[in-house]
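Residue numbers (this note's numbering), protein chains in the order written: chain S, 155 to 390; chain E, 433 to 690.
Calculated directly from the structure, the hints in this document are not laboratory data. Where hints are given, some of them may not hold.
[Unchecked claim] Computed list of lysine-lysine pairs in DSSO-like fashion (alpha-carbon distance at most 27 Å, straight line):
#, chain 1, residue 1, chain 2, residue 2
1, E, K492, S, K350
2, E, K613, S, K237
3, S, K296, S, K350
4, S, K172, S, K276
5, S, K330, S, K296
6, S, K350, S, K330
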Amino acid sequence: MTPDIVYDQMIGCGCASKLVFSWGGNPGVGSLHRFREAIEKGWPRPLEIDEHEHAGMAARFAAGASHLPFGILKGYLGTDLPKFSTTSVRFIDCPFTGERVAAVSAIRPDVAVIHAQKADRKGNVMMWGLLGAQKEVVLASKRAIVTVEEIVDDLNAPMNAAVLPSWVVSAVCEVKGGAFPSYSQGYYGRNNAFYKLWEGVSRDRATFEAWMERHVMGTNDFAGFRKSLEAEGVHV
Amino acid sequence: MSETLYTADEMMTVAAARMVRNGAVCFVGVGLPSAATNLARLTHAPDAVLVYESGTIGTKPNVLPLSIGDDELAETSDVLVSLVEIFTYWLQGGRIDLGFLGGAQIDRFANINSTVIGDYRSPSVRLPGAGGAPCIAACCGEIVITLRHNKRAMVPRLDFRTSGGHLEGGDSRERMGLSGKGPTAVITDLGILTPDPVSKELVLTSTHPGVAVETVVGNTGWPLRVSPDLQVTDPPSELELTVLRDLQERTARAHAAG
């Protein structure tokens with residue numbers, strides 16, 4: 155939907171052959187430069203894209219979660235998007251009223267990876283704040299991996315809380331700070347300074363590659379990644 | 433009033449803020465729309481309802497968000513809903529009076545490009561893309577567009593139509609089945625353009641103080657029509673400027689802190 159810095163990193167390292175998305179930028183800062191260079195110059199490899207609008211992606215995940223073949227919305231009319239997203243957008247007429255609506259094919263990912271606040275020891279997961287499409291993505295996917303800020307004995311979930319029961323979750327991993335550089339409501343804020351820093355890191359191929367080598371390829375795990383950043387004065 | 437110094441961006445933000453009537457439900461993106469609607473909320477429109485696409489309704493941020501997902505938005509809203517819900521029940525459901533949009537290019541019928549400069553398949557500049565904009569453009573009661581005025585932005589023909597304004601003009605928007613009035617104003621750093629009631633072509637209806645008509649025309653990539661009843665925009669008031677600058681100062685401080 156909204157590829158963020160981790161997508162920019164994967165694209166820049168050549169790990170992605172195709173991107174399905176509706177907005178590809180560094181929020182509030184500008185471009186995702188690795189994404190741009192892949193599309194503009196095919197570096198480090200060409201990137202196939204299936205491009206949508208947010209409402210369309212939301213409908214695609216909701217349809218996937220519902221095991222429906224497609225979702226519908228009042229979207230894409232009067233835009234050039236359907237000319238290029240030729241495999242996943244069509245216009246149909248409502249069988250009851252004749253109203254023209256967009257149909258978008260369902261998405262059923264192999265794996266969902268999301269971050270939430272808490273899980274209990276059985277693997278029930280609770281999240282709150284801006285939920286995005288996380289619930290729909292988990293329910294649309296064949297498997298779901300959830301990282302959480304903490305594992306607790308009891309979620310003490312209020313009635314109607316956003317809880318994913320353990321039997322729709324494949325694995326839970328406790329990763330404190332795992333939303334970095336984004337945030338976890340109730341735990342820590344969004345690291346806006348890092349998003350600004352990323353502009354300078356990602357703009358140039360060599361700088362990007364050296365950064366990835368230092369902080370990602372050259373470290374063993376998330377704890378090592380954090381430590382290597384903190385050594386350079388980036389608070390994680 | 434004594435002469436107050438202000439920038440062209442401040443004039444643009446203030447002019448956009450004035451489009452918000454008190455009580456209006458506004459769909460707001462980050463950047464200038466967020467500055468404008470919050471300025472409105474803090475001055476003449478205290479009951480304006482700010483809705484951000486991340487699912488925050490009745491948002492009253494103390495500092496402007498850097499991203500649509502900032503925690504500040506979640507913490508200061510009346511209601512939090514999921515992303516699927518904001519685009520279905522609230523936006524497509526017709527609950528939004530006024531949507532604010534920006535873009536890299538617009539044409540004379542206020543259609544917007546925020547996708548690519550150049551050819552879609554091999555663009556010279558790849559922009560972030562649509563985000564929520566097409567559905568906002570299609571479903572809000574009316575749309576106000578803000579962007580900086582120059583020939584690269586105000587083009588005779590879009591490289592890509594990301595969001596539909598008045599399409600090919602006339603009643604083409606209605607015939608396409610898009611709801612709402614579509615764009616009712618384009619606010620730039622030079623002036624204000626509004627669509628002709630019949631042809632829907634944008635007409636220059638107001639220039640900002642000190643801006644010559646020739647400057648606006650010369651910075652537009654199509655032969656811009658000028659209203660016979662051309663106005664001069666009221667300059668920002670002391671209050672508007674003070675509130676806007678305070679807001680931006682608080683924001684800069686908050687965003688500098690990691």
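A quick look at each hint next to the structure:
{"no.": "1", "hint": "K492(E) to K350(S)", "verdict": "24 Å, holds"}
{"no.": "2", "hint": "K613(E) to K237(S)", "verdict": "25 Å, holds"}
{"no.": "3", "hint": "K296(S) to K350(S)", "verdict": "35 Å, violated"}
{"no.": "4", "hint": "K172(S) to K276(S)", "verdict": "35 Å, violated"}
{"no.": "5", "hint": "K330(S) to K296(S)", "verdict": "25 Å, holds"}
{"no.": "6", "hint": "K350(S) to K330(S)", "verdict": "23 Å, holds"}
Violated hints, in rising order: 3 and 4; the structure is consistent with all others.
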